[in-house]
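**Student:** Sequence order for the protein chains is A and B. Residue 1 is where the first sequence starts when you use the numbering used here, and the numbers rise one by one after that. Residue 101 is where the second sequence starts when you use the numbering used here, and the numbers rise one by one after that.
Watch out, some of these pointers could steer you wrong.
[Stated by the list, open to error] Okay, derived cross-link-like pairs now, PhoX-like style, lysine-lysine, Cα gap no bigger than 20 Å in a straight line:
| # | chain 1 | residue 1 | chain 2 | residue 2 |
| --- | --- | --- | --- | --- |
| 1 | B | K180 | B | K152 |
| 2 | A | K23 | B | K111 |
| 3 | A | K41 | B | K150 |
| 4 | A | K41 | B | K152 |
| 5 | A | K52 | A | K3 |
| 6 | B | K111 | A | K32 |
| 7 | A | K46 | B | K123 |
| 8 | A | K46 | B | K141 |
| 9 | B | K152 | A | K64 |
| 10 | A | K32 | B | K146 |
| 11 | B | K111 | B | K150 |
| 12 | A | K23 | B | K164 |
| 13 | B | K141 | B | K164 |
Quick caveat, the hints were computed from the structure, so don't treat them as lab data.
2 protein chains.
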Amino acid sequence: MLKAEINITLKRTVADPQGITIKHALESLGYKDLANVRIGKLVVIKLNFKDKKRAEQEINEMCKKLLANPIIEDYHFEIKEE
Amino acid sequence: MLKAEINITLKRTVADPQGITIKHALESLGYKDLANVRIGKLVVIKLNFKDKKRAEQEINEMCKKLLANPIIEDYHFEIKEE
């Protein structure tokens with residue numbers, strides 16, 4: 001069985017109000033040395049097969065078709081055996 | 101400068117309706133070999149200092165105090181130099 005961990009983040013140029021809010025909240029808790037906070041999504045998919053090459057190709061397609069919005073988001077993923 | 105990548109996921113025993121919905125959507129696109137889909141949050145924090153030990157301690161505190169809900173969520177993080 002393979003496990004894909006997909007990280008989907010807003011592109012650098014896209015504003016991230018949720019990240020700014022969390023940065024302010026952390027600062028009000030006393031953490032003053034923060035340069036930047038950005039929020040993203042994590043999608044963990046377990047696959048019922050063991051062909052890593054097929055997994056890479058299919059996960060890439062899934063990101064492009066459904067999981068990420070390529071206009072405002074970047075994604076990267078890692079595939080591990082389980 | 102240090103960069104912390106924090107992955108926050110629902111505990112195994114907690115239902116994840118968003119993950120189930122995405123699994124169904126992927127299946128309807130033709131990806132039939134999925135065992136499981138789980139959704140989590142990704143928080144990327146850039147820190148204005150270089151002391152890795154301090155970073156680990158502070159990120160751990162931030163997760164416990166604000167970022168994760170320890171009753172239903174697990175978290176793990178990696179700290180890298182930038």
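**Student:** For every hint, state whether the structure bears it out.
**Tutor:** Going down the list of hints, with the structure as the test:
1. K180/B / K152/B: Answer holds: K180/B to K152/B is near 9 Å, not above 20 Å.
2. K23/A / K111/B: 25 Å, violated
3. K41/A / K150/B: 26 Å, violated
4. K41/A / K152/B: 25 Å, violated
5. K52/A / K3/A: 10 Å, holds
6. K111/B / K32/A: At roughly 30 Å apart (the allowed maximum being 20 Å), K32/A and K111/B break the hint.
7. K46/A / K123/B: Holds, because 10 Å separates the two Cα atoms, which is no more than 20 Å.
8. K46/A / K141/B: 17 Å, holds
9. K152/B / K64/A: 35 Å, violated
10. K32/A / K146/B: 12 Å, holds
11. K111/B / K150/B: 32 Å, violated
12. K23/A / K164/B: Given that 20 Å is the threshold and the Cα spacing comes to 15 Å, the pair holds.
13. K141/B / K164/B: Since the Cα atoms of K141/B and K164/B sit roughly 15 Å apart, the hinted pair holds (cutoff 20 Å).
This entry does not satisfy hints 2, 3, 4, 6, 9, 11, going by the numbered hints stated previously.
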